[in-house]
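Given chain A, put chain B in place with the hints provided.
There are 2 protein chains.
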Amino acid sequence: MQKRLWSISEYPFQPERHLYYETIFALGNGYLGSRANFEEGLEGQTPATLVHGVYNHAPGMLVPELVNFPNWTGLTLTVDGTPFHLRTKALDLLKPTGGVLLGYKRTLHMDVALLRREALFRAESGGTVKVIFERFVSLADVHVMAQRLKVIAIDGAPRVEILAWIDAEVTNNGVSHWTNLQTTAEADQITVSGKTGQSPYRMGIASRLISPQAVNAASHATQPRLTSVIQLDKDGTVTIDKLTAIYTSRDSDDPLGSAQAKIQEATAIGYDKLYQAHTAAWADHWRDSDVIIEGDEQAQIALRFTMYHVLIAAPQHDDDVSIGAKTLSGFGYKGHVFWDTELFILPPLTLTQPEIARNLLMYRYKRLPGARHKAQANGYEGAMYPWESTDTGEETTPQWSDPQPDGTRIRIWTGDNEQHISTDIAYAIMQYWHWTGDTEFMIRYGAEIVLDTAVFWGSRVELKGDRYELTMQIGPDEYHENINNSVFVNRMTVWHLEQALQLIDWLQQHAPDQARTLTEQLGLTPARLDHWRDVIARMYLPFDAEQQRHIQFDGFFEMEYIPVPHYEPRVGGVWPMLGHHRALQSQVIKQADVVMLMALLGDQVGSREVMLNNWHTYYPRTDHGSSLSPAIHAWVAARLGLMDDAEYMFEHAAMIDLQDNKGNVRDGIHGAASGGLWQAVVFGFCGLTIDHGDLKTDPKLPDHWKSVTFTVYYQGQRRQITVRHPVGNPVGATGS
Amino acid sequence: MQKRLWSISEYPFQPERHLYYETIFALGNGYLGSRANFEEGLEGQTPATLVHGVYNHAPGMLVPELVNFPNWTGLTLTVDGTPFHLRTKALDLLKPTGGVLLGYKRTLHMDVALLRREALFRAESGGTVKVIFERFVSLADVHVMAQRLKVIAIDGAPRVEILAWIDAEVTNNGVSHWTNLQTTAEADQITVSGKTGQSPYRMGIASRLISPQAVNAASHATQPRLTSVIQLDKDGTVTIDKLTAIYTSRDSDDPLGSAQAKIQEATAIGYDKLYQAHTAAWADHWRDSDVIIEGDEQAQIALRFTMYHVLIAAPQHDDDVSIGAKTLSGFGYKGHVFWDTELFILPPLTLTQPEIARNLLMYRYKRLPGARHKAQANGYEGAMYPWESTDTGEETTPQWSDPQPDGTRIRIWTGDNEQHISTDIAYAIMQYWHWTGDTEFMIRYGAEIVLDTAVFWGSRVELKGDRYELTMQIGPDEYHENINNSVFVNRMTVWHLEQALQLIDWLQQHAPDQARTLTEQLGLTPARLDHWRDVIARMYLPFDAEQQRHIQFDGFFEMEYIPVPHYEPRVGGVWPMLGHHRALQSQVIKQADVVMLMALLGDQVGSREVMLNNWHTYYPRTDHGSSLSPAIHAWVAARLGLMDDAEYMFEHAAMIDLQDNKGNVRDGIHGAASGGLWQAVVFGFCGLTIDHGDLKTDPKLPDHWKSVTFTVYYQGQRRQITVRHPVGNPVGATGS
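Line by line, the protein sequences give chains A and B. Quick note: the numbering used here has the first sequence finishing at residue 720, numbered continuously throughout. Quick note: the numbering used here has the second sequence finishing at residue 720, numbered continuously throughout.
No lab work stands behind these hints: they were computed from the structure. Warning: the hint list may mix true and false statements.
Remember, identical chains collapse to one label, so a pair may be satisfied in a single copy or spanning two.
[Unchecked claim] With a straight-line Cα cutoff of 20 Å, these simulated SDA-like cross-link-like pairs (lysine to any residue) come out: (1) Lys690 x Leu(-11); (2) Lys179 x Asp237; (3) Lys(-13) x Asp272; (4) Lys73 x Glu0; (5) Lys73 x Glu552; (6) Lys79 x Thr503; (7) Lys218 x His550; (8) Lys(-13) x Arg517; (9) Lys257 x Thr223; (10) Lys134 x Pro387; (11) Lys89 x Leu(-11); (12) Lys79 x Met45; (13) Lys179 x Thr455.
Excised from the complex, chain A in its bound form:
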């Protein structure tokens, strides 16, 4: 591996951007995610460790959220009595009152998922040390977190006191979730345990400090602490490790006992061997999930960065959790699961880490009861998935926004009317099946989802005159709420019912028992299937015959036209510039909607002429207020051969988190944009599809790209594919 395109550095120190780096340098292992706060603390920082599946609904809050775990990263030192810190101001470097930071560099090594910080620090005494912090969250043993602190005396022979602690006084932006907090501090070990207030989760955390000198423990109600004092020689070095284990009642009946046993085991193994196992696990991950782009280093780094963030959030060993919109890297969207997972984050996993993809789909299977509740509560049949989902599987979309600048709250309609999520999940299941050939999953689990959500749509459609309609919908473009006959929703519903009918045929042939069971359980009567056929035949798809283009929804073109391309440069969407009220009544589109349909269904949407007309209509009306938008636009533009647009949108997508071009990276990584970037490359630029039982590529690469190499699993087989420009390699792809 060429290491230089595998890391991202902060150098020199950028204190004003610490919340940006706290997100982009986050660590994780698919069990938990942990933000890159500073070990010693910094005013205004927002340390967070989020563990998949552990939600709590705190009193007074509208909805449950992923719970911030006690901060296990606490680790610092004093140098001749001066506490280490990151303040660079000193009147006199030689006599620095209160100490001074002389140098700083922090690097995320994506190849090995290691966060490393080096600092130069001078104490008030004049004693100067080089301090190196390393930490990783083991991918090989997901309950283990490891930290290493190396201190080098570079001037003087300072006395160093090491302090390690766990901080249980944590909140989610001020909201407390833990009760029954208990701590211990004994010998070289500290522990914290507790229980979430409303939900039934218990957790236990145990940390040990491994020092060449004696370790002392100090009890504290919420911040148990370990210390160790080291007298450094001139030019001397000391290395101290802190190991931490986390368990929850989701993994163990006795989380604290398990954490204590694990920390005992981890201590015996030691930092070096833990790190070795961790890096070996990452080598496996990258062998399958890396994409190599020759000819565009910015794209290369962005793809690794986004895939890194998908991988650290992807549950390897748990089929009862899914990935929230902001992964596990921040409090944004409270850890809720949206369609982002199925249509954006899942595809790269389906193709490169199919076992993890299966876990994520099982999360939905296990939440069919919640989806059935929602359908029933809304007066429909079948399964209607919630727009926002947590552990319970019930709808958890808040109904009202946080207060706006003028103090009012905005009604949020997505939980009521953004119903396409059910079809998005069905799409992900069909995609998983086609790529993996995992018929066992399909028969036992997948089919039930696809069919019961089809049942929902059959009950949801409205016959108006001689056609079927869908009113009061929200499509992907959330600027337009409660609209009628979204071409995206209507067309995807048709697709969904078609798939369901084909799936029933297939089941009857290949799994007749299950076909019978499902027919009975879900009520797949001949009358219902006939109804589906009728819906397919008579669904209304708004189309402008004169202009030969789709109409995003009824009345779209009657609204105010806004010249969106003029609203650049900006950070974020046009929405806040227009105001909610006006945006709703304008043609400004938040994100790929008709264009999303073209990504998902390709040629099925219409002729090339219609596709181009759609592009030229909707692209200049879209403000990409959603981070989900640019990658899908890049994908579709590449397929249409509109390479300037494709490159522009790709670069926009690639920089969403790295350049913070939405302005909100502090709240967490844009998970969907991350997964979308991979799709823009593989499905968009490389044109990978399944064709008559084999893989086909159809390269439309940016001019300056020389090649793209990626790996996919197809029908259980690992395939490495290199794509180049058609010239010189007319086939466009070589499989191996």
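The following block gives chain B in isolation, referenced to the frame of chain A:
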């Protein structure tokens, strides 16, 4: 050209870094340089336009400095009465009290030397405009500066007032240089003229505003102004140009008259054609001076960025000026000319723009009188160039520093004792001669410098016992002042005298008249030449026979050893961390010194064993407190085949300004580091040398570099050279 590696962007807006961008986005054309201040102004910004050769010594200042010219960039607008500004805070975007910036992007297009800024701005009225500022400083007609302001109504139909002005109330960080300031404002034109207070320079500036609507002029003692009011239609656009001409009494007897005539001419030509001529001139520049690196985009951008800054400071038409240490991009070092020019900035110009290199050498030729004054004043013969040089050619190094944190000033000895500058100039002349074959220059001008500076050294050396010594010197490593027997200085003196003797032989053969003239004028008697031969034979070169390495100067290894590599990461050198007093008495080295000698003289310094010993001794003792250091280290490490060190030092060098890794970019571009980077690539990695009358390369490229392509002129012939790794191309280079 692949445009995407030709630009640097600021996006989103980074107000806290505005002084960084003010430097790195500077424009220039070799006649003047102009910082990238905002047209409308911003608190704390430091607009500066510096014109080559125009120095002034203000009352109370220790030394003269390049004079800040009136700020010609003033150009802004009001939107429905709200002044345009860069503040992004507004409680309510829809009713923004005082207006609000909605979006921002600024790009330096290095291929065409164009600075472009786009902004979205909403006025208090709600009227919203997109504003595009462009400006360039014409390379085709160096007296002309052009600005374009395009305003697009994107919401509402606002009334826009355009304001253009020249601001004559400018200072150099508070120091005023102008007297007799006069302004005019009439019709569509404003002018400023004035005279420097101490020195004899006069200047004249004239600006015109070209608007589709009436232009009004408003007189003001120091800020004459032009305005034009435009009522925009909904979705309407207006384009306004401001053209400015600058002359000084260095170019014209009547600077104001010339500026007025030029602005008349430029207005007739118009912005578009001015821009066309400008970009054509830049295409010529880049055709010769671009270096294409395949396989390292960061290096590619850095090389273009550094060469851009060399080119914008390089006088095309003036052989009486030279380039200061901070080019024309900031007030640092007051525009003084150091050895930075001859050994760092000149070589890329000598090889790629030989006519400009000749101008820079002529600057030194014309200042031989000053060098002779200095020799005489110090009791020596011949020519002793000043360490810091301005227009006069007299020594202008200040004797005391600005106050330190403790209030004391430090005595600066470089003007007294950093005498190697004379040899550095001789080196640059010999290099120019060998590469260009410009014997006319050599006979008429170059020889006199090389020989008269040799005369200086002959008078400067001290016979002590049976050897010659040089005491009270400062070598490139300025942390060690007034030391004895710098191996760099002593060895370069030997080289210098050798060159002088050979040059006399050559002159006698090829230009006997000039040989006679110079022999007489400079007193090149047989006795003097014998003395030189004796110096060459008996010069003391400190050498550690046991360790087989050079000793930087007498007593170097007796001083305190500091583990410099431990002092990382840091911004800047170790010097401020040690304090002046201790640094002087330690083995910490500021910059390449023995290593610089190895760069300049290569194999002549010693065996490969000695060279490696020198490297391993001095590299870990060097803190690169000078920006001149890393590129030279990269060059030498590459030649020694130490590729890890070479790459590390190259990256350090490449990022000095782009990453601000010295922490002082606000004061101006590091000109020497910029020129050094090109040398690290061409002389270091590519190993370009003249060998038996032809060019030879000896590639030692970083692993990930695929090829390097560059152009040089050799003996008047343009040669494009591509270098690859020796494998597969054992010759290493192909000339064409």
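Checked hints:
1. Lys690 x Leu(-11): Result: close both inside a copy and across copies, 16 Å intra and 16 Å inter.
2. Lys179 x Asp237: within (13 Å within a copy, 87 Å between copies)
3. Lys(-13) x Asp272: within (17 Å within a copy, 33 Å between copies)
4. Lys73 x Glu0: both (15 Å within a copy, 17 Å between copies)
5. Lys73 x Glu552: Close across copies (18 Å), not inside one copy (38 Å); limit 20 Å.
6. Lys79 x Thr503: neither (81 Å within a copy, 59 Å between copies)
7. Lys218 x His550: Answer is between; shortest inter-copy Cα gap is 12 Å, intra-copy 62 Å.
8. Lys(-13) x Arg517: neither (55 Å within a copy, 53 Å between copies)
9. Lys257 x Thr223: Close inside one copy (15 Å), not across copies (66 Å); limit 20 Å.
10. Lys134 x Pro387: neither (46 Å within a copy, 37 Å between copies)
11. Lys89 x Leu(-11): Within one copy only: 17 Å inside a chain, 26 Å across chains, cut-off 20 Å.
12. Lys79 x Met45: neither (50 Å within a copy, 31 Å between copies)
13. Lys179 x Thr455: neither (44 Å within a copy, 77 Å between copies)
Of the numbered hints listed earlier, those contradicted by the structure are 6, 8, 10, 12, 13.
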